[in-house]
Amino acid sequence: MKPTDIKNPDYFHKVVDCQWACPAHTPVPEYIRLIAEKRYSDAYMINWHSNVFPGILGRTCDRPCEPACRRGRVEEEPVAICRLKRVAADYKSDIKDRLPSVPEKKNGKHIALVGAGPASLTVARDLLPLGYEITLFEKDHLSGGAMRTQIPRFRLPSEVLEEELHYILDMGINCRFGEEITSMKALLDEGFDAIFVGTGAPLGKTLKLPGFEEAKSNIHTGIEWLANVAFEHISSIGKKVIVLGGGNTAMDCCRTSKRLGGEQVTVTVRSGFDEMKASPWEIEDAINEDIPIVNFHVPKRYILENGRLSGMEFEKVKKEYDSDGRRLLTPTGEDPVIIPCDDVLCAIGQENSFPWIEKDLGIEFDQWELPTLNKNTFQSTNERVFFGGDSALGPDNIITAVAHGHDAALSIHLTCQNEDINDRPSPITNLSSQKMGIHQWSYDNDISNDVRYAVPHAQKEKTLNDLNLEVELGFDEQLAFNETMRCLNCDVQTVFTDKLCIECDACVDICPTDCITFTNNSDEQSLRGNLLAPAPNQDQDIYVSDCLETGRIMAKNEDLCLHCGLCAERCPTSAWDMQKYLFNTAKAEHACQN
Amino acid sequence: MSYIRKPKFQHPDLQPNALGFTRRDYEGTLTTLCGGCGHDSISAAIIQAAADMSLEPHRVAKISGIGCSSKIPSYFLSKSHGFNSVHGRMPSVATGANLANKNLHYIGISGDGDSASIGLGQFCHIVRRRINMLYIVANNGTYGLTKGQLSATADLGSITKAGDESLYDNIDMASLAIELGASFVARSFSGDKQQLIPLIQAGLTHKGFAFIDVVSPCVTFNNTDLSAHGYKNTWENYVSLGQIDFVPMREEITTSYSAGKDKEITLHDGSVIHLHKTDANYDPSNKENAINHINTHKKNGEIATGLLYIDQSMADFHELQDTVDKSLNELNSSELCPGNEALQNINQTFK
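These protein sequence lines are chains F and G, in that order.
If you're matching positions, the first sequence starts at 0 in numbering that gives the first Met the number 0 and goes up one per residue.
If you're matching positions, the second sequence starts at 0 in numbering that gives the first Met the number 0 and goes up one per residue.
Hints are not guaranteed to be accurate.
Some chain G residues flagged as far from chain F (calculated, every beta-carbon gap over 12 Å) [claimed, not checked]:
{"id": "1", "residue": "ILE3"}
{"id": "2", "residue": "LEU32"}
{"id": "3", "residue": "GLY34"}
{"id": "4", "residue": "PRO247"}
{"id": "5", "residue": "ILE290"}
Sample of chain F residues with no beta-carbon within 12 Å of chain G, all distances over it, derived [stated by the list, open to error]:
{"id": "6", "residue": "VAL73"}
{"id": "7", "residue": "GLU74"}
{"id": "8", "residue": "SER92"}
{"id": "9", "residue": "GLU189"}
{"id": "10", "residue": "ALA226"}
{"id": "11", "residue": "PRO279"}
{"id": "12", "residue": "GLU312"}
{"id": "13", "residue": "GLU314"}
{"id": "14", "residue": "PRO426"}
{"id": "15", "residue": "GLN439"}
{"id": "16", "residue": "PRO511"}
{"id": "17", "residue": "PRO533"}
{"id": "18", "residue": "PRO535"}
{"id": "19", "residue": "GLU548"}
{"id": "20", "residue": "ALA574"}
No farther apart than 30 Å at their CA atoms in a straight line, the calculated lysine-lysine pairs in the DSSO-like style are these [to be verified]:
{"id": "21", "chain 1": "G", "residue 1": "LYS146", "chain 2": "F", "residue 2": "LYS498"}
{"id": "22", "chain 1": "G", "residue 1": "LYS206", "chain 2": "F", "residue 2": "LYS434"}
{"id": "23", "chain 1": "G", "residue 1": "LYS262", "chain 2": "F", "residue 2": "LYS498"}
Everything labelled a hint here was simulated from the structure, so no lab data went into it.
The beta carbon of each residue, even a glycine, is placed where N, CA and C say it ideally should be.
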């Protein structure tokens, strides 16, 4: 193998598994250390700059960081990254004076944002401090998009939502709320320098089975129903409720039903329990609220009694695989199952919809009705029009929408400054030694062996009777501290200087997880097999040095490194050093500095 | 010295041995030696060797004298018996322990000061008495614990960090051991675990006195370019007899060996040492050859390493003394005190 190029900003970034996995690339270990130091506001601001909605995401994020967490590979459970983020939001002091200032003198460019969800608000946040004038259109009379309409208040309290929305709205946005855009052409004609579309995936699917027409007043689309609950248009539901679907929307629907009068709430999914799309913790929360989840039940028809919905018929299926290994659901042949119900909530997916974008504006759409985009710039085939969030690439999550927003804001900025939209600024990185003394580091390398701490919940008797009472209480400061001590500090990198190495094996001997090997060089695959402990995880790199005095190389398997720094503590020549790698994606403000 | 505990997390694919232990279970406390000390690599090699052989930790006794080397029994096999004795007196304590319980594995750890200076007499006698044990000298050619004076194993002309030149020829511990009648003599280098680990395993399995002289650089006081015992000189000048593999008795032999160049030595318990020799003419059962081999390389400024000498026919101390098979703590009172009749029989022989 060739020596590893650690100057490539991606190399060490990839070692920070959580940050690499985060769509917005939030510097996770850095803010976790700040929480351990009780520097909650500092931790909050790191989050705010990166993911814009720390308090909201600390409660609702899909947490792509956690399955990636190295702790999950060396122990069982990842660090509770998401709920630590909430700790930063819960315990911070007033941070308003830390928000970027918005110049009174504008730069003369005017941007329209369509839809006031996380993607649009991120664009606004990035562009307002640069002097852009922003007009935000929203069909509802309140901002927040899916964060308001699709996430129930018992998971995300109003005050948390409002606080973080207002950090941006208060920067000075022309809000045109309650105004649904019905023509892109008309919007383009208003003369905006750029238009950003962040309208989400607003169309919920319904299941049109026999009996649908007759029963449809009691069949609801999940996301629309949740939005109506959020806007207090709906405040009750029948005693018996069936929720169709196994995603996070289904979990929100069933738990909301339980709070609006549903006594027998049942979730049914077509496939197996282990194939459900909902996040494991959301499924767990639903189960904790005594909501049965029935799997391998395929809905067949709506049953009516006296002209009114009275139940649904399901066919029981089992999982089989055909000769090509494809998963099939084949009927078991058992009698159909009838589940009585007063209302049905369909949470079986949502779709994009752009009826308001005329076909002759040069904005192309693909076969799935999604806009044709440059996936780096989020620019559509009309160079003044950008997309982000669910409306760009289909339904995903809040943190992905935020990441799109940052990238789109940068693109809009480059376009408005007449610069090359593809010539994007490099990420902002910093690699600095953490050495304080012979065996002292400026980070706490004595990590805790504790297993993951659970977030305390409010009493079920109370939460099930109050739609707006938050279920999760969040970590207290002591629990939060204990949890932070589980973080391995993967951003504190093991940096190797081959010229200093005397090949004494001190690092090899001390490494708790057998990461380091001195061996003869070969191609990557044979090297992976020849290490002290084999390195089969191809997603994780091997850090390879240049040729050493004996002709061998140093090869380090990044996969299971605990970043404990013992290799560097035992190294007599400081060939190993622990260096903190800070990585931040370049945002519009950084292009401005250039 | 590192202050933190070594994290307990281990490689998830670390395979347990026949006893269900992984290598990590054979570790000791975190080392307090200087980072880069060769002695830590010897500890690591012993840990790996013991884990690979599925040694029962409670059937091992570690005995040492005084010096940096003699600290290392703390850093491996923390579940084993240990005795940190008096300077140069490890052989006496090991002999006594071995007399009392012949059924343990004995690992004696000593250094060049402990064995070649203050304890040289003791060393000579334990070799001569053929105590069944593995005796390791962690040899760095310097008195590291007293800040870098020349030791008796420092090569002629070797220069200390402070600039003192060694005016005398060194005591070659391996040659000395062969001369005195050790039945297993090897030399290795702390930096070459591929060689050191099988040698430790073979030495622990060998019945009789097994000696390994390990060049183990003192990274703080004797690691200059002018030192014969530094990493640089040792990497450049150590000459191996070839790759060595140890296959414990219970394991199936899976590697293929080429006839002629390779030699198999079957030990008393059925374990096998495979020698892939670089020098086909080298015969490790020939004493004179072994000493010549060491001297020839020494003249060239080289360090001869590998399994230098082995003689499996030699009776060990217990065989020569015809001791009881059991360890003394296993003897019951009737065996220990056979009664008046037995005493009368003994007395009769003196009449």
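Verification of the hints:
no. : hint                : in the structure
1   : ILE3                : violated (4 Å)
2   : LEU32               : violated (9 Å)
3   : GLY34               : violated (4 Å)
4   : PRO247              : holds (20 Å)
5   : ILE290              : holds (29 Å)
6   : VAL73               : violated (4 Å)
7   : GLU74               : violated (6 Å)
8   : SER92               : holds (33 Å)
9   : GLU189              : holds (59 Å)
10  : ALA226              : holds (45 Å)
11  : PRO279              : holds (21 Å)
12  : GLU312              : holds (47 Å)
13  : GLU314              : holds (42 Å)
14  : PRO426              : holds (30 Å)
15  : GLN439              : violated (8 Å)
16  : PRO511              : violated (5 Å)
17  : PRO533              : violated (7 Å)
18  : PRO535              : violated (8 Å)
19  : GLU548              : violated (7 Å)
20  : ALA574              : violated (10 Å)
21  : G:LYS146 - F:LYS498 : holds (27 Å)
22  : G:LYS206 - F:LYS434 : violated (49 Å)
23  : G:LYS262 - F:LYS498 : violated (39 Å)
Comparing the model with each earlier hint shows violations of hints 1, 2, 3, 6, 7, 15, 16, 17, 18, 19, 20, 22 and 23; every other hint is respected.
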